[in-house]
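Student: From first to last, the protein sequence lines are chains A and B.
So the first sequence is residues 124 to 344, counted in the numbering used here.
So the second sequence is residues 114 to 433, counted in the numbering used here.
It is worth saying that the hints were derived from the structure and are not from the lab.
Quick caveat: nothing in here was measured; it's all calculated off a predicted structure.
In this text, a Cβ means the ideal position worked out from N, Cα and C, and glycines have one as well.
Treat the hints loosely; a few may be bogus.
Which residues of chain A face chain B? A partial, calculated answer using Cβ under 7 Å [unchecked claim]: (1) Arg320; (2) Leu324; (3) Phe338; (4) Ile341.
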Amino acid sequence: MSLTDTVPLHASSQSDIDEIENLINASVHSGPATVLPARPPSPPRAQIPPVWDTVKRDLSRIVSNLKLVVFPNPYREDPGKALRDWDLWGPFFFIVFLGLTLSWSASVKKSEVFAVAFAVLAAGAVILTLNVLLLGGQIIFFQSLSLLGYCLFPLDVGAVICLLKDNVILKVIVVCVTLAWSSWAAYPFMSSAVNPRRKALALYPVFLMYVSVGFLIIAID
Amino acid sequence: MWIQRVGLMLLFLAASGRETDGDLIEEPRKEKGAREREREKMMSGKYTTIDSQKVSGSVPAVPDSGHFTVKLSESNLQPYPPSDARGKISSGSQPPRDADVTFSKSRLGSDEPPQGGWFQMFSIASYKPYFDVDTSDVVERIKDSLFPLRGTFNEKTASNPDLYGPFWICTTLIFVAASIGTFVTYIAHKLKNKEWNYDINLVTWSAGLFYGYIIIVPLGLYVILKYFSVPSGLAQLLCLYGYSLFVFIPALCLSVVPLEIFRWVVAGVAGFMSATFVALNLRAHIKSAGERWFFIVAAIFLLQLALGVALKLSLFTVAV
Numbered sequence: 124m125s126l127t128d129t130v131p132l133h134a135s136s137q138s139d140i141d142e143i144e145n146l147i148n149a150s151v152h153s154g155p156a157t158v159l160p161a162r163p164p165s166p167p168r169a170q171i172p173p174v175w176d177t178v179k180r181d182l183s184r185i186v187s188n189l190k191l192v193v194f195p196n197p198y199r200e201d202p203g204k205a206l207r208d209w210d211l212w213g214p215f216f217f218i219v220f221l222g223l224t225l226s227w228s229a230s231v232k233k234s235e236v237f238a239v240a241f242a243v244l245a246a247g248a249v250i251l252t253l254n255v256l257l258l259g260g261q262i263i264f265f266q267s268l269s270l271l272g273y274c275l276f277p278l279d280v281g282a283v284i285c286l287l288k289d290n291v292i293l294k295v296i297v298v299c300v301t302l303a304w305s306s307w308a309a310y311p312f313m314s315s316a317v318n319p320r321r322k323a324l325a326l327y328p329v330f331l332m333y334v335s336v337g338f339l340i341i342a343i344d
Numbered sequence: 114m115w116i117q118r119v120g121l122m123l124l125f126l127a128a129s130g131r132e133t134d135g136d137l138i139e140e141p142r143k144e145k146g147a148r149e150r151e152r153e154k155m156m157s158g159k160y161t162t163i164d165s166q167k168v169s170g171s172v173p174a175v176p177d178s179g180h181f182t183v184k185l186s187e188s189n190l191q192p193y194p195p196s197d198a199r200g201k202i203s204s205g206s207q208p209p210r211d212a213d214v215t216f217s218k219s220r221l222g223s224d225e226p227p228q229g230g231w232f233q234m235f236s237i238a239s240y241k242p243y244f245d246v247d248t249s250d251v252v253e254r255i256k257d258s259l260f261p262l263r264g265t266f267n268e269k270t271a272s273n274p275d276l277y278g279p280f281w282i283c284t285t286l287i288f289v290a291a292s293i294g295t296f297v298t299y300i301a302h303k304l305k306n307k308e309w310n311y312d313i314n315l316v317t318w319s320a321g322l323f324y325g326y327i328i329i330v331p332l333g334l335y336v337i338l339k340y341f342s343v344p345s346g347l348a349q350l351l352c353l354y355g356y357s358l359f360v361f362i363p364a365l366c367l368s369v370v371p372l373e374i375f376r377w378v379v380a381g382v383a384g385f386m387s388a389t390f391v392a393l394n395l396r397a398h399i400k401s402a403g404e405r406w407f408f409i410v411a412a413i414f415l416l417q418l419a420l421g422v423a424l425k426l427s428l429f430t431v432a433v
């Protein structure tokens, strides 16, 4: 495997090894140093405000994490690799988006729908993580929350499709497909975290949560 | 020429640190000594949290081979701060996994003394013994709950009562109850071509009912049994009640059939099975309480039966 096959992480991802690699790349190619966030004093003309850089960096990290977790890539099976650079903005965005979509498609009791969806998803992620920890698994709490949040992305897509088209059969099919996709995304992480004899005990609650969210998507009309 | 080669070597060292797939390990490279292979092993190990490894910078260590340490001090790269779990290269945000290591470590606390008696209720480590079951154990206990007349459940779980079963059976029951209840009202409304809207209160209401039942009734029973000086462990009571609720799950699934008589029969049978399960398992234990035992057992039986009836009435009484 040559150098060019390495995953080209965005220049603004900030894990340590990428940091070093960026520094080396920067010095080897003698390009501009893209890592240091310190900005020169702004000249008097109109500027893009610095907060845009931070937002862009966070967005690119969300996208790269999403690609690692939800889409097939060679690093999926390796829990040390996937989501090494976890964050909580992505999961937060996906949970709120799903709650809003469900609330939008509900014809009555919109605020209650949002509240229930948000509570189920947020509390569900925490409880699932605690479940793995109690079963004797070895995971990092926030990394697991982050991963469970990212795995909601397929359900978000499904909810948007169900919002646009109100046919029950189509909803069932779409929800089943996105449910399978979400479970597939979460499977390697959860199953590798616990003792193999307890794998089903750790995976079943994940499946249960996604099924209940899928059911909510189908039922809300 | 020579400078470029050194630069390439440094790049190899950096790049190889990030790659963990198999073919990389098999390919021979001049620069990769045993040291690099160790680093890769460390990186492909399990997630790091707790007990035994020392975290060198942000490279997670394989927990069971703790005698590896990696020193990059020979290279021209800036070495990872060796044993400082909070070491970071400071430029913007990094994955604060190191903070999480300390967070999880303090919560699991396996090698720290337990914090005073009251706080132990909030630490994960104090609940771990109640989740010490394998998949096969849970499946076997569920199967046992379907045969209420044996009455041996309590003895089998006396040494290892688990809370996994009760909690997840209860949660599954809530979900099944909400979904079946919704489905039934949906069908009923559609058959009469009436307007139907999803009632989200069904979820919250059934959650309240089941969680409330499974927390309050065993707690009450625990107190009562203590009063009658036949103490039974709280975890054991919770375990018993939790598994006794399992039979309602297939009962609810069967109740989709729109025949009223059939639904009553199913609810009755399930309630009866569940109540017998609880009563028989407790009877042997309570018999030593003196002449009052019959009343206690009868009360338990009726309570569980009432739960089954309440379930049937609330979920399957459809007013269209």
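Student: Each of the hints needs a verdict: does it hold here or not?
Tutor: Each hint tested on the structure:
no.: 1; hint: Arg320; result: holds (4 Å)
no.: 2; hint: Leu324; result: holds (5 Å)
no.: 3; hint: Phe338; result: holds (5 Å)
no.: 4; hint: Ile341; result: violated (9 Å)
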